[in-house]
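Asks: Model the full assembly from the supplied sequences, consistent with the hints where possible.
The residues making up each chain are set out below.
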Amino acid sequence: MDLRRLSRALAALSLGLVVVSLYVVFVRTPEERVMGERIRILFVHVGAAWVAYLSYAVTMVGAVLFLVRRDVRWDRLAAASAEWGVVLTSITLLTGSIWARSVNGWWWRWDDSRLNLTLILWFLYVGYLILRRALDGEARAAVTAVVAIAGLPAAVLNHFATLLFRTFHPDPIISRPDQAAADDPFLWALMLSLAAYTAIYAWLLVERVRVSEVRQSVRDARADLDGAT
Amino acid sequence: MSPTTPSGASVVKHTAGHDDAVAMCAVGLGKRFEHSWALRSVDLRIAYGRVTALLGPNGAGKSTLLALASTHLRPTTGRLEIAGHDAQRAGAAVRAHIGLVSHRPMLYPDLSAAENLAYVVRMYGLDRVEERVEAALRDVDLFPRRRERVSTLSRGMQQRLALARAMVHTPDMVLLDEPFAGLDRAAAVGLDERVAAAAGRGAAVLVATHDLERAAILADDAVILVKGRVAWSGPIEGTDPRPLRRRYEDALNVGAPKRGIAGKREEDLTFAPTSPRHERSADANRGIGTEPAIPPTAMQAGALSSTNEPVAVFRTPAGLDDSHVAGAPRPVAGVLAVARAVAAKNIRVEWRTREVMPSVILFAVVSMVLLGRALLATGPELHRIAPSALWISLLLGSTLGLTRTLSGEASHGGLAGTLVSPADRGGIFLGTWWTAWAYTTVLGWLLLPIAVALFRLSPDPRNLAAAAGVVLLGAAGWSAAGVLLSAAALGARAREILLPVLLYPLALPLVVPAVDETSRLLVTNATSEASPGAAIVLLAAYALIYVVGGFLLFGIVIDQG
Numbered sequence: 001m002d003l004r005r006l007s008r009a010l011a012a013l014s015l016g017l018v019v020v021s022l023y024v025v026f027v028r029t030p031e032e033r034v035m036g037e038r039i040r041i042l043f044v045h046v047g048a049a050w051v052a053y054l055s056y057a058v059t060m061v062g063a064v065l066f067l068v069r070r071d072v073r074w075d076r077l078a079a080a081s082a083e084w085g086v087v088l089t090s091i092t093l094l095t096g097s098i099w100a101r102s103v104n105g106w107w108w109r110w111d112d113s114r115l116n117l118t119l120i121l122w123f124l125y126v127g128y129l130i131l132r133r134a135l136d137g138e139a140r141a142a143v144t145a146v147v148a149i150a151g152l153p154a155a156v157l158n159h160f161a162t163l164l165f166r167t168f169h170p171d172p173i174i175s176r177p178d179q180a181a182a183d184d185p186f187l188w189a190l191m192l193s194l195a196a197y198t199a200i201y202a203w204l205l206v207e208r209v210r211v212s213e214v215r216q217s218v219r220d221a222r223a224d225l226d227g228a229t
Numbered sequence: 001m002s003p004t005t006p007s008g009a010s011v012v013k014h015t016a017g018h019d020d021a022v023a024m025c026a027v028g029l030g031k032r033f034e035h036s037w038a039l040r041s042v043d044l045r046i047a048y049g050r051v052t053a054l055l056g057p058n059g060a061g062k063s064t065l066l067a068l069a070s071t072h073l074r075p076t077t078g079r080l081e082i083a084g085h086d087a088q089r090a091g092a093a094v095r096a097h098i099g100l101v102s103h104r105p106m107l108y109p110d111l112s113a114a115e116n117l118a119y120v121v122r123m124y125g126l127d128r129v130e131e132r133v134e135a136a137l138r139d140v141d142l143f144p145r146r147r148e149r150v151s152t153l154s155r156g157m158q159q160r161l162a163l164a165r166a167m168v169h170t171p172d173m174v175l176l177d178e179p180f181a182g183l184d185r186a187a188a189v190g191l192d193e194r195v196a197a198a199a200g201r202g203a204a205v206l207v208a209t210h211d212l213e214r215a216a217i218l219a220d221d222a223v224i225l226v227k228g229r230v231a232w233s234g235p236i237e238g239t240d241p242r243p244l245r246r247r248y249e250d251a252l253n254v255g256a257p258k259r260g261i262a263g264k265r266e267e268d269l270t271f272a273p274t275s276p277r278h279e280r281s282a283d284a285n286r287g288i289g290t291e292p293a294i295p296p297t298a299m300q301a302g303a304l305s306s307t308n309e310p311v312a313v314f315r316t317p318a319g320l321d322d323s324h325v326a327g328a329p330r331p332v333a334g335v336l337a338v339a340r341a342v343a344a345k346n347i348r349v350e351w352r353t354r355e356v357m358p359s360v361i362l363f364a365v366v367s368m369v370l371l372g373r374a375l376l377a378t379g380p381e382l383h384r385i386a387p388s389a390l391w392i393s394l395l396l397g398s399t400l401g402l403t404r405t406l407s408g409e410a411s412h413g414g415l416a417g418t419l420v421s422p423a424d425r426g427g428i429f430l431g432t433w434w435t436a437w438a439y440t441t442v443l444g445w446l447l448l449p450i451a452v453a454l455f456r457l458s459p460d461p462r463n464l465a466a467a468a469g470v471v472l473l474g475a476a477g478w479s480a481a482g483v484l485l486s487a488a489a490l491g492a493r494a495r496e497i498l499l500p501v502l503l504y505p506l507a508l509p510l511v512v513p514a515v516d517e518t519s520r521l522l523v524t525n526a527t528s529e530a531s532p533g534a535a536i537v538l539l540a541a542y543a544l545i546y547v548v549g550g551f552l553l554f555g556i557v558i559d560q561g
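Residue numbers (our numbering), protein chains in the order written: chain R, 1 to 229; chain E, 1 to 561.
These aren't lab readings, by the way, just hints derived from the structure by calculation. For every residue, glycine included, the Cβ atom is placed at its ideal position computed from N, Cα and C. You can trust all of the hints, since none of them are fake.
Beta-carbon label-pair distances, calculated as ranges:
#1 R:ARG133 to E:GLY59: 23 to 31 angstroms
#2 E:GLU130 to R:ARG73: 45 to 53 angstroms
#3 R:GLY137 to E:ARG89: 13 to 21 angstroms
#4 E:PRO449 to R:SER97: 39 to 47 angstroms
Reference excerpt, derived from the structure (chain E facing chain R, CB under 7 angstroms, subset only):
#5 PHE33
#6 GLU34
#7 TRP37
#8 ALA488
#9 GLY491
#10 ARG493
#11 VAL501
#12 LEU502
#13 LEU508
#14 PRO509
#15 PRO513
#16 TYR542
#17 LEU553
#18 ILE556
#19 GLN560
Replies: See below:
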């Protein structure tokens, strides 16, 4: 598939969705009864969190497929997704803390399973990227793929550990469709926000993969030139 | 009389005479590191029963070629087959056929000569360990020094022992990377003779060296690499080093060709069935050699090929002990045997050096005291912070040990010696994990009574025993994750700092149930009949996942690291 063409299509889609979602979130959505204007933080927070988890899943898939097929393109996908994962996880933690402080009066709680899950994801992403910088050559792809895979059980088990022992977090509304009304303006705004985030993530992911490929081409050309002299 | 090497050894250029028998065949072989090519488009064949000198200036690609042949590196382009096995796809099978002598002896300095060789024999899955070790030691005249630690042996003795290590499984192909570096004359003499003897029994010998005089006398064929390409290759005429030196200087002056050999057409490159060594030097065969005359066709095996497909016929030379030939999946017993050998070696080394445990124990105790003192200042009741301080100290201390787990072996080359064998990587993981698990558990058990005393706990003895069980279970998963990630960090820059960065996020799901259960047992003094609850299930799941995952994934990271 032509990545340049795909990137342009995703960029156009992202732009459209961002404009529409910003309009809906900030103009069409009313204030929430209890939280007031602070509800709008959640549209940023939930969208970022969703894509942060998605990017970890993409990193995992890229890592597994690299180990199975030994095709460096899967490694590039995994790395690109991890880079955006760090950004999105940071946005999630930051906006979550700001929201919690404004609504509940605290920045952080250790007994919140999803806060812990997001934090552990952030650590895993950052460790993965530091390791990539510390390794050279072909070892980098294989070793970091294993590290990405090794992180998943920790994230899942940590989620269960926090759920089993202590937990605090608002229940998810999207996973309980019976309680979500179809004409709920908050739900529509949230769905639009999720779609915009997903499109932006896909666009940036493709762009990052493209940059990696161009970089590799330059490296190849340089190595060939060195070999020819 | 037979020719002598510059060091004075009397050697014979051998050819055991295995028609068309090719030990190693490279086709379009290339290896690129991050920014440059170390090898480009190398086509090469190495024959059984012959010594091939690999020549070239520093940076020419000699060590890279040997690293590819020993499966330490993976080719970027082309194909490399050794003893009929693809070096990339059948690494274990290839490793079973090769013996490698590197710049470093690849031995464990704190094991004796005999213990080192016994360990290697077990890594190759061979039987009659003592018999093989004794034969190998006698072969290199080190049997009287068999009980001495390697660190006390001279450089020459260590190199002889390294050769014994490389030969103990009777490899079909012997790879030597600058083996004469740092050797005195007597040691070099012994090495010359043993290289010739290996070729004499039919093994292919590929020796990278800068010593043209030694190469002219010792080797049957030469390959000159310049800037990663084969600049010249062919049989060495006579024992006079001057023609070879002229070839070498010509190759350097002309530089590496873009294709083929400098100044020659490719179709000229296939070696004609030239007169074999014994005909060129009749004196040579009257020396120490006892091998049969070389059939002319044997030289064909040294031919270059300009085609893309290997046409070589791979065959194990007659008379070689091929009981070591591996490659098929090992049975469980084989994996466990490797694990036992690795664990026994680790514990023996630690017992002798006490390099890790004393520092780890002291560090963990100091950490616990610091934590206790610091947390006390925040106001909670002293005894309530005991489980947290215990587990954090245990994790911090064991991380210190895990950092040394593989990097210590890597620093002196012992790990490289382990990895050049076909030993099952899962078995190596299990052995390393058993050791790390034992150390972490012992550390935890030592910290338990100290925590009881420091934090003024008064647990029921049965609860204390149950807490020891929690430590055992928690340590299992933690050390498995630690061994896997220490292998991942092994090839990285600043690996000592990197391991905690990678490992501590994985500790979060361990800390929560472990502290909770320890607290239940030691602080609230639950009765031992009480249900252990979800904590034990989570700790067991953690251990199971990381032990199985480590067993399956360890080979990927350790062979890349």
